[in-house]
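Enquirer: These are the residues of each chain, in order.
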Amino acid sequence: MTPGKTSLIAIKAALFLLCLTPAFLLWRGLEMDSLGANPIEALTRSTGEWTLRFLLITLMVTPLRKFTGWHWILRLRRMLGLFAFAYATAHLTTYVWLDQFFDWEAIARDILKRPFITIGFVALVLMAPLAATSSNFAIRRLGGRRWQALHRAIYPIVLLGCVHFWWLIKKDVTWPLIYTLIAIALLGLRAWWREQERRKQLAGGYLPQQPQYQGKVIKIFAR
Amino acid sequence: MLLRRPDDILPSEITPPGVYEDRRRFIAMAGSLALAGALPASKARATTSSPLGPIVKSPLSTVESQTAYKAITTYNNFYELGTDKGDPALNTHRLKPTPWTVRVEGLVNKPRTFGIDEILKLAPLEERIYRMRCVEGWSMVIPWVGIPLATLLKLADPQGSARFVEFISHYDKATMTRGVLDWPYNEALRLDEARHPLTLLAVGLYGEVLPIQNGAPVRLVVPWKYGFKSGKSIVAIRLTEKQPVTAWMKAGPSEYGFYSNVNPEVDHPRWSQATERRIGEFSKRKTLMFNGYADQVASLYTGMDLRRNF
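Chains A and X, in that order, are what the protein sequence lines are. Take 1 as the starting number for the first sequence in the numbering used here and just add one per residue. Take 1001 as the starting number for the second sequence in the numbering used here and just add one per residue.
In isolation and in its complexed conformation, chain A is listed as follows:
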């Protein structure tokens, strides 16, 4: 199943609107005052959680492609990753503006002093070059291999995001735990694929043929 050029454009447009829905609902919630007693906290919390969700969804593209054979979904990954970055930027904005009111000194102190803010900030800083190189031009310029190596930064980023969420919670860590387990599963899957690949290469192909031993095998190390 591979959509044609027009259908792919339609799919991308639909996905774009879908990715905007959380932002739209938050905006409407603010206007209608339906975000509860502490709308600013709700806004900060929600943009943060959507960042993490989009990072995880982005990481789901490759497994989904491998399991279903829908290679075309790879073409949707860039948009998903960029939405993760957009929600992260909104998240940072709520913090800088609505939590610290542009008090840069206090922000700097917070980043240095509070581990959970440090970690969230590091994750965001790491996301920036990924967002900046998400164009065909950048891929050509960097070369596929280097581009791919750079974009593997999403692995530590998603883990930092999970820790950031975990450390901010006072006590009930159910949700950070759920996100972390999903992240570990998605990263674990990749580690497992790597291992499979390594074994395949060891078994055949790359290594020279095992020499054929003749005669008696002598034990040289006693166990």
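I should point out that these hints are in silico values taken from the structure, not numbers from a laboratory. We treat Cβ as the ideally placed atom computed from N, Cα and C, and that holds for glycine. It is possible that part of the hints are untrue.
What the hints assert, rightly or not - Restraint ranges, calculated between C-beta atoms of paired labels, are given here: (1) Leu30(A) to Ser1254(X): 30 to 40 Å; (2) Gly1179(X) to Ala185(A): 16 to 26 Å; (3) Thr21(A) to Val1245(X): 22 to 32 Å.
Stated by the list, open to error - DMTMM-like mimics (lysine to aspartate or glutamate), calculated; alpha carbons at most 25 Å apart, straight line: (4) Lys1070(X) to Asp33(A); (5) Lys1154(X) to Glu1255(X); (6) Lys1173(X) to Asp172(A); (7) Lys1286(X) to Glu195(A); (8) Lys1284(X) to Glu195(A); (9) Lys171(A) to Asp1117(X); (10) Lys1057(X) to Glu1118(X); (11) Lys1286(X) to Glu197(A); (12) Lys1250(X) to Glu1265(X); (13) Lys1284(X) to Glu49(A).
Unchecked claim - Partner residues are not named here, just some residues of chain X that face chain A (Cβ under 8 Å, in silico): (14) Gly1086; (15) Ala1089; (16) Glu1136; (17) Trp1138; (18) Leu1181; (19) Ser1254; (20) Arg1277; (21) Ser1283; (22) Ala1298.
With chain A fixed as given, assemble chain X onto it according to the hints.
Expert: Only chain X this time, still in chain A's reference frame:
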């Protein structure tokens, strides 16, 4: 049939703050129309009637504008009814506030179990409008109704050896949250803190019976300490010689100390306590020492290192 005109109605009792603000504007306008001349009369008396009976105003109340009833009753940390702030208001069926008794026990000469109706009659009910500062960095201004805890303690007659007062909250494993904290929830104060005139045993909110999500039918309110020190839905008050280990001290000894006085200079290990967001306000406020009650309570802690005794 005797038709008694209510003496005076608390503005908070009948008027949602949104309407209330409008009315203020209206009054300002009406002033010029000489209509306002009739209004001050209703301000004269301090006692008001309410579903709880007569309520006396208190000089200990703040005059700051009160947080909306809706916010106070939908934004709650009451983990027994759910760990999300919206949960307690949705899970009120998990707690039955009647019948209810409070045991006063431990190092007292007159151990006794009070029914909730008895507590309502121990002393004239007072409206106490207090600031409430949560350890998470937000705050409210809440018009509680209650009696000084000291009244109840006096009736139990603490023994000379009693130094601390422990408060145990209701817990029902069948209907309430499992895990998260070591249930039942318990909190504690030093005896002199418990006897302090600000320390309130609250039974009402905004002139009405205390809503379940706010700790019905009876809870503690200690306005100069972080909110979690004010235990909800209390079933037992125990006087002890040794300092009790409280639920949050067990959960995070490095983060939650016995005293937990509001202090902008002593941060939570993971976040700053220097500022707070008053619910309903856009900008943040500076947090005040002892939540603004320093004049009344600072003397309880003279000579103590508040950084060590956090």
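Enquirer: For every hint, state whether the structure bears it out.
Expert: We went through each hint and held it up to the structure:
no.: 1; hint: Leu30(A) to Ser1254(X): 30 to 40 Å; result: 36 Å, holds
no.: 2; hint: Gly1179(X) to Ala185(A): 16 to 26 Å; result: 23 Å, holds
no.: 3; hint: Thr21(A) to Val1245(X): 22 to 32 Å; result: 47 Å, violated
no.: 4; hint: Lys1070(X) to Asp33(A); result: 12 Å, holds
no.: 5; hint: Lys1154(X) to Glu1255(X); result: 33 Å, violated
no.: 6; hint: Lys1173(X) to Asp172(A); result: 17 Å, holds
no.: 7; hint: Lys1286(X) to Glu195(A); result: 55 Å, violated
no.: 8; hint: Lys1284(X) to Glu195(A); result: 52 Å, violated
no.: 9; hint: Lys171(A) to Asp1117(X); result: 35 Å, violated
no.: 10; hint: Lys1057(X) to Glu1118(X); result: 21 Å, holds
no.: 11; hint: Lys1286(X) to Glu197(A); result: 58 Å, violated
no.: 12; hint: Lys1250(X) to Glu1265(X); result: 24 Å, holds
no.: 13; hint: Lys1284(X) to Glu49(A); result: 23 Å, holds
no.: 14; hint: Gly1086; result: 6 Å, holds
no.: 15; hint: Ala1089; result: 10 Å, violated
no.: 16; hint: Glu1136; result: 7 Å, holds
no.: 17; hint: Trp1138; result: 6 Å, holds
no.: 18; hint: Leu1181; result: 7 Å, holds
no.: 19; hint: Ser1254; result: 13 Å, violated
no.: 20; hint: Arg1277; result: 7 Å, holds
no.: 21; hint: Ser1283; result: 7 Å, holds
no.: 22; hint: Ala1298; result: 27 Å, violated
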